[in-house]
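Enquirer: Letter by letter, the chains look like this.
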Amino acid sequence: MYQEKKDYQSWICDKCQKELELTKVKVHYLEGEFEVELLNCPTCHQVFINESLALGKMAEVEQGLEDK
Amino acid sequence: MDLDKLLETGDRCIFREPPTCTANCPVHLEIIEFISEIEKGDFQKAYKLMEKKIPFHRIIGQICDHPCESFCVRSAAGGAISISELEKAVLEYGAAKPKKIWPVPKKKGKVAVIGAGLSGLTVAVDLDKKGYEIVLYEKTDRLGGRLWDHIGESLKEENLSEELKLVKDKGISIQFNQELDKNRLMDLLLEYDAVYLGSGGWDEQLEFNPKTFQVDELNLFIGGKIVTRNDSVIFSASSGRRAALSIERYLSKVSLTDSREREGIFETPLKQDVSETEVIIKIEKQSSIYSKEEAIQEAKRCIKCQCRKCMDGCNHLRKFDISPYAYVRQINHNERIILGTHYANKMINSCTECGLCKEECFLDISMKDVIQDTRESMVERNKMPVSAHDFALKDMAFSNSSRFSLVRKQPSKEQSKDLFYYPLISFSDYVKGLYHGTGKTEYLFYPGCQLPASYPDDVKSIYEYLVGHVKGDVGIYLGCCGAPADWAGRQDLMGENIEAIKKVWEEMERPTFILACSSCIRVFEKYLPEIKVQSLWDIYAEKGLPNKDQIKIPQTLSIHDACGTRENSDLHESVRKIASKLGYNIEELKYSRERTKCCGYGGLVYYANREQSDGFVAERIQESPHDILVYCTMCKDLFVSGGKRTFHLIDLIYPKDNEDGAVKKMPTLSERHQNRSRVKRSLLKEVWNEEVDEPAQDDYQLVIPESVRQNMEDRYILMEDIQAVVKNAQESRKRFFNPESGDYLASLKREHVTFWVQYAQEDDKVLIRNVYSHRMEIVEE
Ligand code: SF4
Ligand code: SF4
Ligand code: SF4
Ligand SMILES: [Zn+2]
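Protein sequence lines, in the order shown, are assigned to chains C and B. By UniProt numbering, the letter at position 19 of the first sequence is numbered 19, and the numbering carries on one by one without gaps. By UniProt numbering, the letter at position 455 of the second sequence is numbered 455, and the numbering carries on one by one without gaps.
Simulated from the structure, these hints should not be mistaken for lab results. Just so you know, these numbers come straight off a predicted model, no measurement behind them. The beta-carbon is built from N, C-alpha and C at its ideal position, and this holds for glycine as well. Errors might be hidden in some of the hints.
[As the list claims (entries may be wrong)] Residues from chain C that face chain B, not an exhaustive set, calculated with beta carbons under 7 Å:
| id | residue |
| --- | --- |
| 1 | Ser-10 |
| 2 | Trp-11 |
| 3 | Ile-12 |
| 4 | Lys-15 |
| 5 | Tyr-29 |
| 6 | Glu-51 |
| 7 | Ala-54 |
| 8 | Leu-55 |
| 9 | Glu-66 |
| 10 | Asp-67 |
Using the sequences and the hints given, assemble the complete structure.
Expert: See the structure below:
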């Protein structure tokens with residue numbers, strides 16, 4: 001799972017009005033827990049997930065964990 | 001789950017059983033593979049298959065008396081396949097130089113072979129290859145015995161000599177001009193570890209084991225004509241091969257009899273049905289041997305016999321290209337692995353549990369039952385992928401919540417005047433009904449959850465009809481029977497649901513349930529046998545239709561029976577009766593009534609594997625050139641969305657002015673919810689005169705373009721999910737902003753799913769640009 005900043009750099013955090021940064025974020029599903037680099041707000045840390053990530057890599061990992 | 005029982009079920013499947021031709025070939029040439037190679041034009045590969053199974057294939061291939069052919073099932077459809085002619089063609093076009101075999105050191109034991117005819121030579125060569133020291137005793141001065149009688153059109157003298165020379169070249173020692181008698185045989189038995197007697201001229205009667213060809217308990221084995229008692233070369237060669245195997249086992253001191261049931265010829269359980277096979281006449285050769293092209297054409301006539309009855313009917317088995325035999329093995333594996341990926345999950349959740357496989361299988365193998373057990377086991381072991389059935393189970397919870405669920409007795413005669421009509425003119429056709437009430441709830445109308453979702457405006461009409469036509473009071477009960485829980489393997493939820501239904505039944509003093517949905521009928525039969533049920537369609541068929549003047553222009557329809565009603569032949573009759581009463585002509589589909597197919601919704605496949613569901617839909621709708629008539633809402637909705645003109649019985653019984661019922665589109669997932677709630681509210685208001693709370697106003701006015709609507713359907717996202725995300729984002733400002741486009745992007749986790757909505761604000765409207773979701777959670781630090 002990865003994101004490229006240049007594709008989404010036009011998005012900012014609306015609340016904090018900050019540009020998003022790529023940092024390590026913890027995600028988990030069922031028995032699986034990973035650290036991945038995702039775009040998020042440097043102040044409030046809300047994480048940005050776009051459509052292709054949600055329906056692509058993320059869905060694939062979810063499926064993999066469900067079949068474990 | 002009982003895995004031994006499971007495997008037993010799979011092993012009963014005869015998918016892998018050999019065809020009758022191979023079973024009647026004494027050396028079991030793999031005839032289907034052999035013929036398939038010829039069909040592809042690969043004579044070399046076909047040759048290899050002959051080499052593998054037929055002793056002295058270059059000789060036997062020319063002179064075999066082919067007992068296989070008389071058992072070929074093609075004989076009833078244009079003539080048996082000319083297997084022996086094909087073998088000759090393969091020798092001609094595919095022969096390869098014999099492989100150079102390095103001699104094995106001969107230290108396993110010494111075997112005497114008496115008689116250098118076909119069977120003796122087979123024993124000698126087979127055992128020589130395995131490392132036994134062989135001495136051949138022949139009474140004449142040449143090898144081959146009766147093989148020389150076959151010199152003629154196909155077997156050339158020089159070819160036979162050449163083959164026999166190869167035996168000599170192996171270094172097998174040969175003693176010619178040895179006339180042996182009983183005494184000499186006794187000596188050999190002492191001198192050698194084992195003796196094979198294959199001399200056709202032996203007069204002595206010998207007692208032998210018909211399976212192993214061992215004489216008494218001696219180190220003597222026999223074969224050839226003494227055993228076969230006929231002139232068949234292939235039986236002779238086969239007996240030699242089998243005796244050689246016995247000798248090998250005897251000398252290695254292992255069981256002579258273990259797993260040898262299918263040696264020689266045997267009866268295969270495969271019964272190929274050729275009643276529908278197109279007749280194709282045998283290809284005659286134009287010269288002494290088939291040309292390549294003729295051989296290929298003849299090979300094409302072969303049916304490649306195999307039991308595929310269930311697969312022929314089932315889109316699922318064909319999509320995964322799997323027979324029940326192999327399916328069961330994969331399930332077994334899936335059930336046993338502890339660490340690692342359960343690769344079969346997706347497949348297991350792609351079976352519609354329609355039951356056609358069992359209907360088609362003459363051994364009654366039911367994948368439906370296997371899959372149901374498997375899903376229950378997966379749930380128990382916590383191995384069922386949550387996402388597969390999550391949405392359907394939420395939908396079921398919705399239907400059993402106060403937003404839809406409802407139980408009411410029939411209102412009193414005074415209060416329910418509108419539900420029936422007093423006859424103005426007796427015996428008039430236009431009488432809608434009479435008051436048949438008794439104060440006791442004899443019937444409870446249970447329309448299920450899908451009919452109200454798809455036909456919200458007709459539920460009241462149906463109820464009115466029932467009140468006016470059946471004897472006794474008719475109550476109403478709205479809810480979901482639990483079919484989704486059953487299909488999802490959720491016995492826990494199923495149990496609760498059944499208890500709830502039973503409770504209502506008891507409280508209402510055990511009325512007969514009137515069911516409109518085929519899934520409900522199936523669930524009631526399976527889980528609530530104590531409750532008497534009647535199908536709504538049976539009642540229409542018996543009591544007459546409500547709108548006799550509404551008959552449409554005559555038209556031919558094909559009926560698609562709902563798979564849940566497979567065993568309910570009365571219901572099938574009723575449906576046909578209704579259609580013909582309405583003036584429709586019926587053309588039956590090949591797969592109908594007890595052999596009907598699933599529309600693609602069953603087993604929750606629609607949710608677990610949309611592609612598989614689409615496969616069922618696409619296959620079914622092209623089976624009829626006519627419009628289709630169904631009586632299950634999901635069948636209707638799926639067929640219409642697949643592009644097929646499809647009527648539901650409701651469309652015919654309650655036709656709408658200026659609406660073509662056959663193209664009426666499936667309501668969206670959100671609309672299905674709204675429709676159910678609307679049915680409840682309108683019944684309460686209009687029939688029971690109760691005050692009802694109007695649904696809460698939406699917080700935001702959403703504008704949703706068609707493409708996003710489609711995404712909502714494909715991604716199982718409801719209007720209320722979007723409302724919740726937008727509301728949360730607007731109130732908390734926790735959202736992302738794109739200064740270039742002015743769009744917002746916000747998310748909200750609801751139960752196990754995080755929903756994302758990209759939107760723009762325009763005055764008091766919210767324009768929805770995109771929606772998606774995921775289940776993985778972000779761990780907030
Ligand atoms: S119909 Fe299907 S399950 Fe039955 S024996 Fe044939 S291949 Fe096996
Ligand atoms: S049709 Fe083909 S597979 Fe079937 S019995 Fe004949 S040769 Fe064998
Ligand atoms: S139950 Fe229906 S879908 Fe499942 S394997 Fe049998 S025929 Fe195919
Ligand atoms: Zn922020």
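Enquirer: Now, for every hint given, state plainly whether the structure supports it.
Expert: So, going through the hints one by one against the coordinates:
1. Proximity of Ser-10 (chain C) to chain B holds as hinted, the smallest CB-CB distance being about 5 Å (cut-off 7 Å).
2. This hint holds: Trp-11 (chain C) has a C-beta 5 Å from the nearest C-beta of chain B, less than the 7 Å allowed.
3. A least Cβ separation of about 6 Å between Ile-12 (chain C) and chain B falls short of the 7 Å threshold, and the interface hint therefore holds.
4. With its C-beta approaching chain B no nearer than about 5 Å, Lys-15 (chain C) sits inside the 7 Å limit, and its interface hint holds.
5. At a threshold of 7 Å, the smallest CB-CB gap from Tyr-29 (chain C) to chain B is about 4 Å, leaving the interface hint in force.
6. For Glu-51 (chain C), the shortest C-beta to C-beta distance to chain B is roughly 5 Å, which falls under 7 Å, so the interface hint holds.
7. For Ala-54 (chain C), the interface hint holds, the least distance from its beta-carbon to any beta-carbon of chain B being 4 Å, beneath 7 Å.
8. Annotation: Leu-55 (chain C) was flagged as interfacial toward chain B, and the flag holds, the nearest CB pair being 6 Å apart, inside 7 Å.
9. Because the closest C-beta pair between Glu-66 (chain C) and chain B is about 4 Å apart, less than 7 Å, the hint holds.
10. The criterion of a C-beta within 7 Å of any C-beta in chain B is met by Asp-67 (chain C), whose closest approach is roughly 5 Å, and the hint holds.
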